[in-house]
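Sequences and hints are given; from them, build the entire structure.
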Amino acid sequence: MELIKKARQSQWYGVGLLLVVTALVWTAFKLLCPTTFGAPDQMLTYLQTGLIYAVGGCGLYFIVVMGLWDFSIGSVLVLSSLVSIGFAQRFGVFGLVVAPVVCGALLGAANGLAYIKLRIPSLIVTVGLSLIYESLSVFAADAYGTRLSDAYKMFGSYPYNLILALLAFGLCTFILGYTKLGTYVNAIGANEATAKNMGVNVDRYKFFAFVLCSLFVGIMSILYIGYGTAQTPMTGMLSQSLNFKPLMGTFFGLAFKRYGHPVASIVIGEFIISMMFAGFVALGMPVTINNVVTGATLLAIVCMTVKRVNGAVVK
Amino acid sequence: MSNKLLLHAEKIDKSFGPTHAVNEVSLDFYEGEIHALIGENGSGKSTFTNMLTGILPIGSGTFTLDGGDVAPKNQVDANHHGIAIVVQETGTLSGLTVAENMFLGDEDQFARGGIKDSAAMNRKAQELLDAYGLGHIKATSVIDHYDFEDRKLVEIVKSTWFDPKVLVIDETTTALSQSGRQKLFEVMRHVRDLGHCVIFISHDMGEVLDMSDRISILRDGVFITTVERGEVDEDRLKTLMVGREMDDHYYRTDFPDYAKEAPGEVAVSLRGVSVPGEIDDVSFDLHHGEILGIGGLSECGMHEVGKAIFGASFDRSGEVSLADGTQVKDINTAIDHSIAYASKDRDNESLLINDTIEDNITLPSMRDMGLVLSDRHLYEFADTYAKLMSTKMVSVKQFVSALSGGNKQKVVLARWLGKQSDILVLDSPTRGIDIKVKAAIYALLEQMRAEGKAILIISEEIMELIGMCDRILVMKDGTINGELTRDPDLSEQDLIAKMV
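Residue numbers (our numbering), protein chains in the order written: chain F, -10 to 304; chain E, 27 to 526.
In short, the hints are calculated from the structure, not lab data.
Hints should not be assumed to be uniformly reliable.
[Said to hold, decoys possible] Computed list of lysine-lysine pairs in DSBU-like fashion (alpha-carbon distance at most 35 Å, straight line):
{"#": "1", "chain 1": "F", "residue 1": "K185", "chain 2": "E", "residue 2": "K370"}
{"#": "2", "chain 1": "E", "residue 1": "K99", "chain 2": "F", "residue 2": "K106"}
{"#": "3", "chain 1": "E", "residue 1": "K209", "chain 2": "F", "residue 2": "K(-5)"}
{"#": "4", "chain 1": "F", "residue 1": "K(-6)", "chain 2": "E", "residue 2": "K209"}
Note that the coordinates shown come from a computational prediction; the quantities given were computed from them, not determined experimentally.
Here it is, written out as structure tokens:
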């Protein structure tokens, strides 16, 4: 018992647990479909999709850890992807990489400013602004087109995708662990009033968190457009469907936050989800069933790790 | 203790709406002293020290430290002025490491070019923890891994490692075990021995007399006096703390002989009710036609008893049963069987603060109104009971958030009057309420008692309990520590003796 207690207190317990879950998921699907699932080259493909969403999940973590929401990331992803396509045509690799990151950061700044100035819930602000970003994506598609030139698809495959993703994870780890902002977003999430009493400028750090969130979605869009090679504009809140997968990774990060490695948890969590999707495809299951099982698995993992208090108000 | 003045408070004043929490308090604190600040709940002690430490803005008046005015903007700013506090509640933040909590808001000392040197911060935090004899706490661990006492000890290190000139200990000892208290007392003596000052707030009179050099008393926000430790004993301190006349105008004036006059039938019975960490093995009966009071210090568990009766205490064991044998295990059963509950946390637990008076009053009664609700009926229902309670409002369509504290409480009571509840559990029914509304609420309670309703008042106001209740149960450390019956000679000291 003492050993288990010590293990649970270790800062590597969460990552270890996730790696065990990864191995279990792989073993289960490998046993069910030995020829169509889990070969090394297939594992690299699962990792590739996992990396894309994990980068977005890292950005969203800054927001959700404070108890806020950003439901504009799908529209930011679409718009940044289209901007990336357009700027790659004019400025080459420089445009491909820099333009979506700048675009994401600017949209994040707009989200942050609107949230701080309007003083209305983040969910409403970001849903409202996502409608505007969706409309902008139509103009961007008209202006730049919707296909990425073959010359700029390098971030859709190894090793460039891995290098960019690792840089993004490194940046996120650095900000969370080695800057005041990392400490303050956690502090604001734990108790905003106390954080204010400790001299934390809550509005300023919420603004920065929104900027970082969309900046990471901008980085995600480089990987996303490299992998998919084309992006059509989305309107009528269709972009909301793109929010879900990065958010899943963020949930893993939050659930394992107390073990101290949220970025690793986001990455491994996205990899598990990516593997499960592929596993269900290998089993020949329809996408709807995939979603049911994946959603249930996510809830089960989070329930296992979160200390739930009987009768407590949960929002 | 030296005679050199360290901190001077000049006419410090603070109001919250109609409540005058601190009334032009002037006080001197000297170098090398532990200076206790005592008074009843609501006497203004914490408000006074919260202004000194930047948790609350100063209403008016000035603090002068070492000859210069100080008005801290927040706790970290206060630390920079050499003032620190260990607060009554948990002051650490979940999700942050021990080291991050210790240096929250003050990370710049470990930053170079905006980059935080976490390793240096962790090293410094661990050095401090080790120096305080708290080596079992790891600086790099997330604070959530530690229990309440360890978190409190981390706060003590956080507040004292930089040798503050003024250290405020606000009712911290109740959160600590004996060894934790000894640790705290060592720290307090160390601060004093350095020639600095400790402002010590505690309800434990023995502790106050053991630790303090001088003791200042506040009552209802007003400074009463400062005494030297050798001049007083516990009884004298209690008298100074609570020594005010009972006001006959708004309390009950009848004194029925509880021993001779049989009370009404039992309305609710509690048998062996426990809630982990809150109350332990609480048993009593509440009768019809009786006002039963429960008193004690704020953290004695009395507030949990009210929740337990209403089925709102989720980890409860033991039995809460009604006269017909019904077991109350959840809130719906309680409401269906005519139990009403008003929480101490009025805005968060009793009211839908961003909703209309109408919705607030009609909500529990809707279950008796059939499937289809009539707008007109709901309006008239709410209007009737709001007016019965003399609620000051434009109409029942007005939002509750716009009402004063007293009128909010009237809405809570109107709700349960409308539900025709026979058993009322009222936690701090007059908290933050002015005298006029207080008198109205007391008159209503008296009337309901005469109608045979069973009323339980949970209160931190001793005079309210003495003035209104037929019986008073005094709680201490989660258990019932004594029972007193209504008597004209019953004094506040009788209750305090069982509370502390």
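Going down the list of hints, with the structure as the test:
For the hint pairing F/K185 with E/K370, the CA-to-CA distance comes to about 25 Å; that is within 35 Å, so the pair holds. Between the alpha carbons of E/K99 and F/K106 the distance comes to roughly 23 Å, so the proposed pair stays at or under 35 Å and holds. For the suggested pair E/K209 and F/K(-5), the alpha carbons sit about 26 Å apart, so the restraint of at most 35 Å is met. For the proposed pair F/K(-6) and E/K209, the alpha carbon gap of about 26 Å is at most 35 Å, so the pair holds.
Checked against the numbered hints given earlier, the structure satisfies every one of them.
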